[in-house]
Every structure is written in structure tokens, then in C-alpha cells.
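Novice: Here is what each chain is made of, one letter per residue.
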Amino acid sequence: MSARRFFAAALLVIAAMRAHAGGAAVCSDAFIFDEAGANVVVLPYSNAIPERRDLDQTGQALSLLVQMNTLAAILKYESVGAIQLIRSDFNDVACDPDRIWRQLSARAAVKDSGLVLVWGRIFQDGDQIYVQSYARFARGKTGQESWAVSLGGASFEATLSEQATAFPTETFSEGELKEIARLTSQNAVLRETPSDDAPGERMGPDLAKCLGCVDPGRPASYVILEQNGPWAHIKNKFGQSGWLKLNTGFGAIPLGEKMPEIFFIDGTVGYLRTRKEPRTSFARAADEALARYTEAVGGQPPLGATVVAAEMRAMLAAKDPAGAERAVSLLSTAIEQSPADAALHNLLAVAKINRAVVVSKPEAPPVQDFISAAVLDPAGVLALRNLKQLLQLNPEGDGPRLLALPADEAKEQLALVDSILAKRQQ
Amino acid sequence: MIRAMAVVLCLATLPVLAQYKDCRTAQLPATYHLLVDDFRFSDENSVPADMKLVREVLYGSVENQLEAMKLQNLPSLRTSRCTGRWPQASDFTKPRVESLNNRDVVMELWTEIRPSEENRFDAEFNVLLVPAMLLSLSGQNTPPLFRSAYPLTKNQRKEQLLALLRNHPELNAYALIGAGLRAVENRDYDVANAFLCRGMAELRQAPKTQDHDKLLKYVDAASAKVVADARRDTVYIGPLRLLAPNAKGCVK
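First to last, the sequence lines map onto chains A and B. As numbered in the working numbering, residues 1 to 426 make up the first sequence, in order. As numbered in the working numbering, residues 1 to 252 make up the second sequence, in order.
Chain B on its own, in the form it takes in the complex (with noise of 0.2 Å):
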């Protein structure tokens, strides 16, 4: 069975042809963002035709696989193209990040194409987890920026093609997650207990990875407090309430 690597991003390495250029998403109420960058190559110019097919291909299926996200009666998740778009991890500054969070944009995806070996690509996808940049939670820390790395060898071409061809649950996972993290911040309890759970079963589908495994336990940091604020405040009316003194929101 052909696994994906993932590791922990360090894009300081990433070449010179990043592009930070704005991607506007339309202002719907309940509704949050998922933005696809570009999937490019290192070098565009030398790249094989079907290389670029396969290109195409991918970036319909990470599209298709978003926009098919199963969600009951939770708010949408958009997801915006952004064509020209191609940042990398300094890009991603303070401001920036901000601004995009106060859009209620949650995950931003970039892809790279690269030749690694004699015969073999590369395909790595590129994640910004956007509130994860400023949540942070007592005790807990997660890296914000992800990387999942699908190889393309000519001889195991049919098995390797099928795999990055499949769906990616670490992309909904970071989706959801991402969404949940917001509604945290909006202290949207009942929301953010319904897609952090979410994103956790999803990640769990996951190829397993320290990030990962940091990202779990971030997560359910997170549905702990989000369970823990929901009985403090006053106010709140909801079924978070019906819990048991010690339960979790999420059921495992």
C-alpha cells in the first residue's frame, strides 16, 4: 500500500517563483473559506506533457474532494480558487494571516510539483491552517503549516497515481479543524464541537505523522476547552450541557 509522507513544512527552501497575491472570497454569512493555490512545478519548463495532465487532474480532485465535504447542519465550507496564487511560509506574516482570519478564511492550500529522483516526482501539498496560527492554547501547540508528500515513480506509476488520485482525509481533516478552530475564537461552541470531531475523525483516516499526532492533540485541547467554556457561560443553552462532568465532546 503506498503511504504518503508527511513532515513538518520548512518552506524557507521553496524557489524564488512564489507569488503572495490576493484571493478574494465572496461575503456569505455562515460560510467558511478554503483557499486552492496554484499546483505548480519547480520548473515549468521542463516538466513532461503528462506531468501536466496529471497536474490538471489533481488539482480537479483536491477540488471535487473539498467541495464534497459531507456537512450536516453545520455552516458551508467555500472553497475559492486562486489562480496566480502561489505563496510560501514568509509570505504568511502577522498581518496577513489576521486579515485572512478576520475573512473567516480557514485553510489555504499550495501545491509543488517537483522532480526528486531519476523517474520520480513529487507531488507536495502545502497547508496553511490559518487560526491555528493565532489560537494558541495553554499547554498545546501545534505546527500551523503542514506538508503531505505523494511520490510519482515511473515503475509503480499505476499504484502511486491511484493514491494521490484518492482522497486525502488530512485535507478535510485540516478543513474542518481549521472552521472549528474559528468558531472556538467566535465562541460558537455547539459549531466548533461539531467540526473539531469532525476534523479529528478525519485525521485519524490520516497517514499517521508527528505533526499529526501534535495537530490530535491540539484538537482535542481545543474541544476540551470548547466543552469546558460552553459550561462556564451563563448564557449558553445547548447540548454540550447535557454532558457528563467529565465527558468529552467528541466521541472516539
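This is chain A alone, in the form it adopts within the complex (with noise of 0.2 Å):
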């Protein structure tokens, strides 16, 4: 085994971990690991009700799940990290989502890695419990997530129309949560040798014989040693290792299910890998995860994660023929369920400038697409610039990727462009 392998993927996790206040998992301790490329975070899931004490323990189950679970998923990715945050008494203003968020996307840009907080509320009405989960997503020092596409000397930008997103509302019973808990707790364990038969140990809680409990001798993160088919070997910083099977019903298919904001997950830690460490695995991987994301959901409000997820695939698809075109043809089908997305109009937009540069076949520039964007965002200026710039382009100039405008619209139209940012940029 290489060392660059040993640190090329890092896995890391902390389960459900202490009882008392200031331990390291608490909210007001909130970490996330350096070596890891993107780290996940939840937060315990709030109770709507929150003098509904005794459903604490349902919020702290569920965001254990949702962190182990998402934790096998996104092993794929390899140097990655997943952190249950817990609270520390019953009203811990610790565990806000902003002044977390704050905390850790500071850390994450010091450490120029991916950043994703999930966070939600949970209801119970008998037996069955309504969950509604929110997240959160930025990488390194990048602010906003963008995409440029050079030509003729210009460069067209875009963004992704948000990066902070309500999932809807799903629900499921108490016995369905128990059985996706069973089978977590069945499938994280630690095994001596790469075999179903080996001895192993639990990496968690016993999940099966005590839903929402927590466990302070289990303080775990884990580094990937080595990876044999459909096992990895992996250790934690106190020297327990073993070998994890990554295909199980421990990923994100059980809890996905029920909750499809699982696959989201997945398919943005893939993006965030992906835009830092270019790799065709991980983007086929991420793409996969986000259309699955998509199908679960059809066409449910909100469709703000939709609309993102699209977009996070289009950004993905772009760089040979095949992905450009795909990449028009999510936008596409995006802004059918979004037509007054003004980011999403301008990426669309970029995305066909990319195509014409990657299909080196002529197309019309997509100078309307960048107007409706323009007229979408009463105080923005990107679609602006980009639209100046498709106006000043040459076509002829430079290759036949874009076909020529009529020159004396193209120059009124621009001059219409520069007074409107003039006055915008004032």
C-alpha cells in the first residue's frame, strides 16, 4: 500500500458521541476534519414541537442515521469526512444553523475543502414521524459556486441559482425508522478480514437495541488504508481498524427511501470532490446520486434542490460533446419547473456558449436567454456582463462557433447594455 494512497483518501467519522457537556461532538464544539476533502455536518433534528421532550431522542436517531448513513455513501468520494453534531442540554443555542455554518465554512475555507450542513425538524403523530430537512453547501474560499466558459477572448460566468435549500416534507413510521436503524447497525461493523464471516466490531451505537441513544465510549474517525473490491480498510485515530463493506443496505439507499434528500447529499459532496479533484468516477458517481435525488422527488415543491441539482449535473456533464449537450438538456427541462430563475436562465445560457465551443458546431447566440435572465434580476449585473459581452463577439473573428447578429442590433442593444450597468454599478 502506498503512502499517497494511505492519504489520498481520507474517511472520517464521529458517531453519536458523548453525554455530557463538552465533549467534542457538541454543537458549540463543532469541528470539521482538515485531511478530509468535504466534510458532512448535521445537526440534531429539532422537534416542532419543542416542548416535546421526549422526541428528542427520534431527532438524535434520525441525524445519526442520516450521518452514517450518508457517511457510507459517500465513501466513494474518498477523502471525506462525516460529523453528528448533538446538542449539549434541551435549549443548546449552539446548535443554530447560521452560527454553525459561520464557524465551519470559515474553517472549510482555511482548509479549501467542501462544506455541507444539514440540518431539519421532525413531528410525530402517533407512530408515523414527518421530517423536513434543509442544507447548506459551499467549497474552500469560493463563495459562490461558478462556472466560466471562455471564447473569442471573453469569458461568460454563471452561478448555481442558490446553495442553501428546504427539501420537501417527507414522513415515515416509527418501524421504518427502527428497520433502516437495524440495518445501519447491522452493516456498520468493522470486520477483521474482507469477508461477511469475519469477526468484527460495531462502528456505533447499537442502533437496533436503542434508537437515539448515545454512546460516549464510541468517539471514532476513521483514514481509508486500503481498498479491496467491494471492502475498504480503514482505521480511527485510537487504533481500532477493520475492513467496512461499502455496497450493504448500510449507504444511502435504505434511508433514501424515505428521506430522498440522502442521494441530494451525496450527489453535492460528488460535486464538491469533483469541482476541487476533477475525476470522471466521481462525477459519474455525483450525477447519478443527484437524477436519483431528482426521480424521488418528481416534481414536489420546493423545487429549489431540484433546480440545484440540475445544475450541479450540467456543471458536471460539460466537457466533452455528449456532456454539453446534456448539459443544455437538464437547464433545459430545469427551467420548464423554474421559469423565473434569473441564475438559471444565465446558465443556461453559458451552457450553450460551451456547447457551441465544445461541438464546434455554429448555433445561435443565446442572447435572449441572457436577456430573460437580465430581466429576472432587477440588481444584478452577471448576465449584463455576459450579454455585453456576446455583443462585442466577432463570430466571424473568431471561428464559426457562434452565428453573426445583425450588426446594427447587436451595437443599439449594446449600448442599451453599458447604460444599464453604468447605472447599476453606480
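These aren't lab readings, by the way, just hints derived from the structure by calculation. Note that the structure is predicted; figures quoted are calculated from it, not measured. Be a bit skeptical, because a hint or two may be false.
What the hints assert, rightly or not - Straight-line alpha carbon distances no greater than 27 Å define the calculated DSSO-like cross-link-like pairs of lysine-lysine that follow:
| hint | chain 1 | residue 1 | chain 2 | residue 2 |
| --- | --- | --- | --- | --- |
| 1 | B | K248 | A | K388 |
| 2 | B | K248 | A | K423 |
| 3 | B | K217 | B | K94 |
| 4 | A | K141 | A | K361 |
| 5 | B | K21 | B | K94 |
| 6 | A | K141 | A | K111 |
| 7 | A | K141 | B | K70 |
| 8 | A | K178 | B | K158 |
| 9 | B | K70 | A | K423 |
Bring the two chains, given one by one in their own frames, into a single complex with the hints.
Specialist: Next comes the structure, spelled out in C-alpha cells:
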């Protein structure tokens, strides 16, 4: 096993660890693993009825399940961490998502790593549990994810529509939650050899016995030592090591069937990893996860996450002719769902320019797409700057990638765009 | 699939519990206000405990939804909780509506949860679209008051409660359209167009009703007026001038 391999892939997990204030994973001590290229941090799901303290365990259990299943799902991106934070007491204000985000995103910026923060609310009605999750993500110092395409000396830029999103409310029964917990516990086992029959030790608390319990004796952070087929050899900072099977029920699928946002989180981690360290296998896995999210939620509002999933897939796809075509197709479909999204129109226009560049087949300049983006964005300048560059391009001088615009019309529009930009930049 | 029932609001029959109590809003620049009043039962004393919990969760869920609205480069929409306020239609006299409008209150929501049949409650969202009550557009009109009713029946509780706790695009639509109409009054063309387009997009995801159809037509007319006014306004310099002569401000 090479040192490169040893350090290239870091898998870090800290599972429900503490039962007293001051533990390493309480919200006030929130952290990310500096070694990881991307971290997923899961806050405790809060009760929609704050007075119902008896539901605290369910919220705790759910955040642990989200963290553990996310961890298993994102192992394929190699250098990743998954952290569950817990409350120090019932009214722990340190678990405020905005506060945690400010703290951890600053650290991720220093380490140039990706960060996905997940939180949510639960409500229990009889034996039925209702969950709404939220997620926010960023990469290193890149406050806003962007994509630039160069053509004829111009650089066209686009951003994602949003990097914080709400997911549709989902529901499942207590029995279903327990079954997912059982599957998770059963498969989250470090075995002595890469074999299902080998003796093993649980990575976290036995959720089948006590859902929502925390185990102060199992603080853990793992690195991947080597991979052998579906098995990963991992060890933690405390000397515990073993083989973890990846393609088992311990992964995105069992919980993802009830909470499709697990697929979104999986795909977002893949997106963040790919943007920093482009790899075809990461991009493909991220695309599959995001497609799975889109399919699972259908047209269920809120559509923000569905649109962002399409945008991330388009950005990941657009490297070759087929991918460039697919990026345009994905974004065109997203616009049918969200026709008033300015950033999405701008991104579609940039994807069309990218297609012209990659495919080397002349196409109409996406003037109307940039205008649509501009009229839907009452204060922004990005689409207007892109439009200005497009109107300034001389297609004949830069190869037959974009069809020429009528010169008089382009000149008139350019003068208008200049005056709008001047006004907005005052 | 559970579908919401939405009908024209005829609020004259609301019970005597109605209270028009003042609700203060912070005076902030570039901010439009959404008032969220009480969620009440028609008879608080005979309500099962589990329904009281549903009310509490629903209130939080609606508040979260409105606060989570994505607004790229738009003036913010600020939700104000108006505890103790629970109006009825007749409370909205012209002076009161004008006063709300002058404070940039664009939408008010109050909710009643009432037993309708045996083992069934209906949660009814009542919404006043404040500027729509004042802004008349030639050839188009819209009811300014809307009601969406979501049933909760004992034997379909799981699906219906999920529908109730899920996102309600019509509420986002009313808020965005209200803000857009207010911006129309202020001749803030770019902001008006962006809000109205987003409102229409949200409304198209909402349950289809006659009132929503009317509102869509009304907003479409308002958007066309914005584009036309912007073009006529010699002082205006903005992207609406980039549109082709007969183009609309919103992409369908």
C-alpha cells in the first residue's frame, strides 16, 4: 500500500459521541476534519413542538442515521468526513445552523475543503414521523459556485441558483425508522478481514437496541488504508481498524428511499469533490445520486433542490460534446419547472456557449437567454456583463462557433447594456 | 394524491371570535411585510389535544416556508408573527387596507381549523393580497381574498397530514405577487417584473382553481403593464428595454 494511497483517501466519522457537556461533538465544539476534502456535518433534528422533549431521542436518532448513511454513501469520494453534532442540553443555542455555518465555513475556507451542513425539524403524530430537512453547501474560499466558459477572448460566467435549500417534507413510521436503524447497525461493522463471516465490531452504538442513545465510548475518526473490491480497510485515530463493506444496506439506499435528500447530499459531496479534484468516477457517481434525488421527489415543491441538482449535473457534464449537449438539456428541463429563476437562465445561456465551443457547431448566440436572466434579476450585473461580451464578440473573427448577429441590432443593444451596467454599478 | 381545495373566500360567516388587533412591523428599507396571524380553531374548547399539536406544527411550517423563500437580488420579504390577531373580511375597510399598503404589508394570512364532518377537520388558509385590493388594472380583476382548505380525515391522516405539512406554493405566490403589485404602484419596474414573474411561476405549481386562473390573468396583465410603462418612461434605464417589441417580461 502506497503512502499516497494512504493519505489520498481519508474517511472520517464521528458518531453520536458524548453524553455530557464539553464533549468533542457538541454543537459548541463543532468541527470539521481538516484532512478531508469534503465534510458533511449533521445537526440534531429539532422538534417542531419544542415542549415535546420525549421526541429528542427520535431527533438524535435521525441525525445519527443521516450521518451514518451519508457516510457510507460518500465513501466512494474517498477523502470525506461525516460528523454528527449533538446538543449539550435541551435548549442548546449553539446548534443554531447559521452560527455553525459561519464557524465551519470559515474553517473550510482555510483548508480549502467542501462543506455540507444538514439540519431539520421533526414532528411525530402517533407512530408516524414527519421530517423536513435543509442543507447548505460551499467549497473552500469559493463563496459562490461558478462556471466560466471562454470564447473569443471573452469569459462567460454563471453561478448556481442557490447553495442553501429546503427539501420536501417526508414521512415514515417509527417501525420503518427502527428497521433502517437495524440495517445500519447490522452493516456498520468493522470486520477483521474482508469477509462477511469475519468477526467484527460495530462502528457506532447498537441502534437496534437503543435508537437515539448516545455512546460516549465510541468517538471515532477513520482513514481508508486500502480498498479491496467492495471492502475498505479503515482505521481510526484510537487504533481501532477493520474492513467495512461498502455496497450493503448501510448506504444511501435504505434511508434515501424515505428521505431522498440523502441522495442530494451524496451528489453534492461528489460535486464538491469533483470541482476541486476532477475525476470521472466522482462525477459519474455524483450525477447518479443527483438524478436519483430528482427522480425520487418528482415535481414536489419546494423545487429549489431539484433545480440546483440539475445545475450541478450540468456543470459536471459539460466537458465533451455529449456532456455539453446534456448540460443544455438538463437546464432546459429545469427552466420548465422554474421559469423565473434568473441564475438558471444565465447558466443555460453559458451552457449553450459551452456547447458551441465543445461541439464546434455554429449555433445562434443565446442573447434571449441572457436577456431573460437580466429582466428577472433587478439588481444583478452578471447576465448583463455576459450579454455585453456576447454582443461584442465578432463571430467571424473567432471561428464559426456562434452565428453572427445583425450588426446594427447588436450595436444598439450593446449601447443599452452599457448604460444599464453603468447605472447599476454607480 | 391529496389536492387542496381552494375556493373564493366568502368570509361573512366567520365566527365572532374574530379580532382585528394592531400588528406592528419593523420599518426597514427595501422590505415587504407578510403578516402571519393566529391559527385558530372555531371552538378551542372541544379540540382534541393532537389537533392542537398539528396547529402548532403547521404554524411553524408555514412560517418557515415563507421565511425560506429564495430571493435573488430582490428586496426582502419579512414575516411578522401577529399573535392575537385574527381578522374577518369585513375588518378590511379601505382606510385599513391603505394603512397596511403604506407600511408595505403585501400579504396577510390567518388560518382556521374547523371540524367539518365526523372525524374530519379542515385547515383553511385565508389570505388577503393587500395591493390587489387597491390596484385596479383595466380589463382585469382578481379577488383580493383567497382561501385554501386542506382536509384532515382520521382514516387518511398520514397522507393528508403530509400534504398539510408540505410546501404550499400558493402562499409563496401570494407573497411574491403582493410584493410585485406594490412595486408596480411604486413604478419600480425591474423589481415589479421580477416579483410578478416569480409569483406566477409559484402559482402554476399550486392547486389549479378558478381564482388562481383569474389571479394568473391579472398578474399577466400587471406584468404587461410594467413592461409597457417601463418602455414609455423616458427616465427608465433597465433590462426591460432590451425585450423585443411584443415580448413579455416573464418567460413561460
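Novice: Give a verdict on every hint.
Specialist: Now the hints, each set against the structure:
1. Between K248 (chain B) and K388 (chain A), the direct Cα distance comes to roughly 21 Å. Compliance with the 27 Å bound is thereby established for this hinted pair.
2. The straight-line distance between the Cα atoms of K248 (chain B) and K423 (chain A) is roughly 23 Å, inside the 27 Å bound, and the hint therefore holds.
3. Annotation: proposed proximity of K217 (chain B) to K94 (chain B) holds, straight-line Cα distance about 24 Å (limit 27 Å).
4. Under the criterion of a C-alpha separation no larger than 27 Å, the hint pairing K141 (chain A) with K361 (chain A) is inconsistent with the structure, at around 36 Å.
5. Of the pairs offered as hints, the one joining K21 (chain B) and K94 (chain B) holds, with about 16 Å between alpha carbons and a cut-off of 27 Å not exceeded.
6. At roughly 9 Å between alpha-carbon atoms, K141 (chain A) and K111 (chain A) fall within 27 Å of each other, so this suggested pair holds.
7. With a C-alpha separation of about 23 Å, the suggested pair K141 (chain A) and K70 (chain B) falls inside the 27 Å cut-off, and the hint holds.
8. For the given pair, K178 (chain A) sits about 18 Å from K158 (chain B) by alpha-carbon distance, which is consistent with the 27 Å threshold.
9. With a CA separation close to 25 Å, the supplied pair K70 (chain B) and K423 (chain A) stays within the 27 Å bound.
Violated hint for the displayed structure: number 4, the only one.
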